[in-house]
Each structure stands twice: as structure tokens, then as C-alpha cells.
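Colleague: As a plain string of letters, each chain reads:
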Amino acid sequence: MREISVSKVADTVRDLCVEANYDLPPDVVAALEVAREREESPLGKEILGELLENAAIARDDRVPLCQDTGVTHVFVELGQDVHLVGGSLQDAINDGVRRGYDEGYLRKSVVDDPIFRRANTGDNTPAIIYVDLVPGEGLKLWVVPKGTGSENMSGMKMLTPAHGARGVREFVVEVVDRSGSNPCPPVVVGVGVGGMMDRAALLAKKALLRPIGRSHPRPEVAALEAEILEAVNNLGIGPQGLGGRTTALAVHVETAPTHIGALPVAVNLQCHAARHAERAL
Amino acid sequence: MDEKTIRLTPPLREDEVRKLRAGDRVLLSGVIYTGRDAAHKRLVEAHTQGQALPLDLSGQVIYYVGPCPAKPGQAIGSAGPTTSGRMDTYAPTIMQLGLKAMVGKGLRSPAVVEAMKQHGAVYLVATGGAGALLARRITAAEVVAYPDLGPEAIYRLEVTDFPTIVAIDAHGGDLYAAGKERFAR
Numbered sequence: 002m003r004e005i006s007v008s009k010v011a012d013t014v015r016d017l018c019v020e021a022n023y024d025l026p027p028d029v030v031a032a033l034e035v036a037r038e039r040e041e042s043p044l045g046k047e048i049l050g051e052l053l054e055n056a057a058i059a060r061d062d063r064v065p066l067c068q069d070t071g072v073t074h075v076f077v078e079l080g081q082d083v084h085l086v087g088g089s090l091q092d093a094i095n096d097g098v099r100r101g102y103d104e105g106y107l108r109k110s111v112v113d114d115p116i117f118r119r120a121n122t123g124d125n126t127p128a129i130i131y132v133d134l135v136p137g138e139g140l141k142l143w144v145v146p147k148g149t150g151s152e153n154m155s156g157m158k159m160l161t162p163a164h165g166a167r168g169v170r171e172f173v174v175e176v177v178d179r180s181g182s183n184p185c186p187p188v189v190v191g192v193g194v195g196g197m198m199d200r201a202a203l204l205a206k207k208a209l210l211r212p213i214g215r216s217h218p219r220p221e222v223a224a225l226e227a228e229i230l231e232a233v234n235n236l237g238i239g240p241q242g243l244g245g246r247t248t249a250l251a252v253h254v255e256t257a258p259t260h261i262g263a264l265p266v267a268v269n270l271q272c273h274a275a276r277h278a279e280r281a282l
Numbered sequence: 184m185d186e187k188t189i190r191l192t193p194p195l196r197e198d199e200v201r202k203l204r205a206g207d208r209v210l211l212s213g214v215i216y217t218g219r220d221a222a223h224k225r226l227v228e229a230h231t232q233g234q235a236l237p238l239d240l241s242g243q244v245i246y247y248v249g250p251c252p253a254k255p256g257q258a259i260g261s262a263g264p265t266t267s268g269r270m271d272t273y274a275p276t277i278m279q280l281g282l283k284a285m286v287g288k289g290l291r292s293p294a295v296v297e298a299m300k301q302h303g304a305v306y307l308v309a310t311g312g313a314g315a316l317l318a319r320r321i322t323a324a325e326v327v328a329y330p331d332l333g334p335e336a337i338y339r340l341e342v343t344d345f346p347t348i349v350a351i352d353a354h355g356g357d358l359y360a361a362g363k364e365r366f367a368r
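Sequence lines, in order, name chains P and H.
Sequential numbering from 2 applies to the first sequence in the numbering used here.
Sequential numbering from 184 applies to the second sequence in the numbering used here.
Think of the hints as simulated: they come from the structure by calculation, not from any bench.
Where hints are given, some of them may not hold.
Claimed, not checked - Listed below are the simulated EDC-like cross-link pairs for lysine to aspartate or glutamate, each with C-alpha atoms no more than 20 angstroms apart in a straight line:
#, chain 1, residue 1, chain 2, residue 2
1, P, Lys-9, P, Glu-78
2, H, Lys-254, P, Asp-24
3, P, Lys-158, P, Asp-199
4, P, Lys-46, H, Asp-207
5, P, Lys-46, P, Glu-231
6, H, Lys-254, P, Asp-124
7, H, Lys-254, P, Asp-62
8, P, Lys-46, H, Glu-364
9, P, Lys-46, H, Glu-186
10, H, Lys-300, H, Asp-207
11, H, Lys-254, P, Glu-104
12, P, Lys-9, P, Asp-103
13, H, Lys-254, P, Asp-16
14, H, Lys-187, P, Glu-47
15, P, Lys-141, P, Glu-20
16, P, Lys-207, P, Glu-78
17, H, Lys-254, P, Asp-61
18, H, Lys-187, H, Glu-197
19, H, Lys-187, H, Glu-199
20, H, Lys-254, P, Glu-20
21, H, Lys-254, P, Asp-103
22, P, Lys-141, P, Glu-78
23, P, Lys-9, P, Glu-104
24, H, Lys-224, P, Asp-114
25, H, Lys-224, P, Asp-113
Produce the entire structure from the sequences given, and follow the hints as far as they go.
Modeller: What follows is the structure, encoded as C-alpha cells:
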């Protein structure tokens, strides 16, 4: 058994909040560079250049890439032989978010009550936290600041088995098409298929964590990803929705077992500022 | 392509706004104001209840943005546009009160486009997600209304050559629709 102090978790979450918001991951930068090279629209090319310049300014000046520093999602992979000491894991994560958003000059974008009060909590807490128990003595943290421009364009549909792969493809393309310029394209399209409604939605979000350029390990799923990517880019939406050949940088599909009568599909869109930072303790 | 680059300084006159065409580049300088969902809701509620507004909207420009806090030495933190569609419910009333330009990103409703044609207003877009880059064109920022809203307060911004593109003009010309059509296969 290994003891880990929750204060170490809090410090790490603090650092990852800042890092995720200032440093666009290298795989995203590389994908934007390739897109700029290939884009046929002159305006689209120019916009992709601005996004790369913006990423360089954020990295060099240590400022947020985007003012929407999001709701902070924290994914935890916790080894079952780890004993956390010094307090609650949830409190430690929220403490890290609070300090990261304060000390990193990040925008506080969380309201306490969604329907009535809508008062800003003032420190970007509570974070959305998912904990997966895994074998071993490891503890890994992912911090994902997710903005609402792309999140609001997400979609979910309970298809039936008869819809099959074609139904999945058509629904994903429909979600991207109706979102137009709103989610700040070029986007990364996270797709979760299977489970029940909740599992599909979570898979769609987790799909966004996969590095751009890495296909699904199963060939038939990888082929579906490629097919959807082509269809999405043929929509013509382009960078910022002003027309072009780069509507999405990648399509990531994740699957899970489901009911004999079900085919749930969730689509979670991620703007071009595909921010995440991770660390193993 | 006959898109032009035009420099504008608010307050804007209706005739200069009506000359703009979808695809034109507009560089804004001078004073513009910020406003998002919560501020729009309050402005429209104040107007509906016959109360005085905290600012005169005649000829003005509203930038849909909720900036990050400024670091020491910065005028403002990162400040790119937010999704404009969330302001669609309120935008026609705000245009009726004299607003001449909206700066944001993303699609607008048919009702907003109709109000733009009626009042002679324009919809400009800035590059979404380029908040660090765009903040460099903002030289001063000061909260002028609703400070309790935090990042959603109304700020008075001073800008220099703030880069935008006309996405929808006062005649209904729409760069989003035209651009998509041109590159769809």
C-alpha cells in the first residue's frame, strides 16, 4: 500500500489548471499546422495562422489561450492500493481548482444554481470529478477545462440497433452540421457509442482526451472515424465557420457494451483550443 | 473578391453601417462596450420596466465577451468573442435602443437578421478562441455597469484596430452561408 497526501493532489491540480489553459498540447498544435498547410480557403488559412499565433502568445506570455477557461473537469485514475491521507479527495481537487483559477488569472465561469439563482461561485468550483478505481498503486490526474461554446453544441440520440454504423455516422454529421460556426471550428469530435445514456455521454467526453492522430485500435471503429471525418469536412463549414475544408481536426469514437435493444450515441464537440493536461503522481 | 478593409470608430452612423458588406474586414478603434447573457437580460428588463439604462447605446458597438482577469501590467486578460446566439433573444431590443454593431462569433437567428435590416446594424465576428491575440488590441478596460456580474459585467473598452469580419450585413448578406456553400462537396 502507498500513502499519498491529498495536499499533493491539490498542488498538482492547481498546476494542471494553469498549464492546461496556457499551453495548447503539442498534438493539437501539430494538427493545426497540418490543417493550415492543406486548407483551400485563403481566409481559413489565415484564421488557422491566427490560432497558431494565439497559442504561441499564450505559451510565451503565460496567459490563457481563450477567455473561456471553462468548467474544470478532473479525471482521476486511482490505484486501489493507494491510501489517500490528510483529507477528502473531492475537497483537495476543488482546492486545487480554486488556487489554479485565482493564481493563474483564469476566468471564473461556474454558477451555483442552473435555473434560478445563477450566481457565480467566484472560484470556478465545484469541478466535475470522475474517479476510476484501477489496480495498483498509481494515481493519475487529467485536468480538462471545457468551454461552453462547443459544449452547448453537443448532442445525444438513442438510436436503435437497426440504425447501425450508418445511423451513427449520420447523427454525428447532423450534430456538427447544425452547430456551424458556434463551437469554434476546427473542432475535435468526441463520440461515445453504447452503454446507456450516461455512459455514452461520458465516453464522448473521454474520447476528447485521446491524442489527435491516434485512431481507435479496432480497425472497423477506426474506419468509421475516418469516414465521419471525411463527411464532416465535406460540409464546408471550415475554420470559424466562414467556409473551408477544415471543419474538424479529428473524430474520436469510443464504444462500450450496450443492451440488446439499444444503440445510444452521444456527440461532445471540442473547440480547436483542445485543452488538457495530465500528470501521474 | 472585392472585400475591403474599413476602419471604424464608434459612435457609428447608419449610412456607414449600411455600406458594409458580408466579407468586408472592419478594424475598430476607440470605445466599445462588452455584454453577455446576464448583462443583456438586465438591460432589456430595465428598458421594459421604463428604467434608465446605465449607458447610451446610440451608435454603439457591443462586444460579446467575458474577459479573463488582467494580470499585473495587462489592460485586460484574454478576451475573445463568445457565442452570439445566446444574445439573440435580447438583440432586437438592443438594436431598437440604437446599437449599430455586435461583435461575436457564431450563428444568428432570422429575427436578429430582420432587426439588423430594419435598424441598419451589422454583425461582426472576431476569431473565436484567439483570446490572447485579441487582448493585445485592447488598451484599456473599465467596468461601467453591473459589477456584481464579475466577468459578465459591462466593461468600457478602448481598442486599436480591433480585427473583425462582417459576417452578416444590414442587407442580410451572410458570409457563413456563402463560405459554407463554396467549400461543401
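Colleague: Hint by hint, work out which the structure violates, then give me just those numbers in ascending order.
Modeller: none
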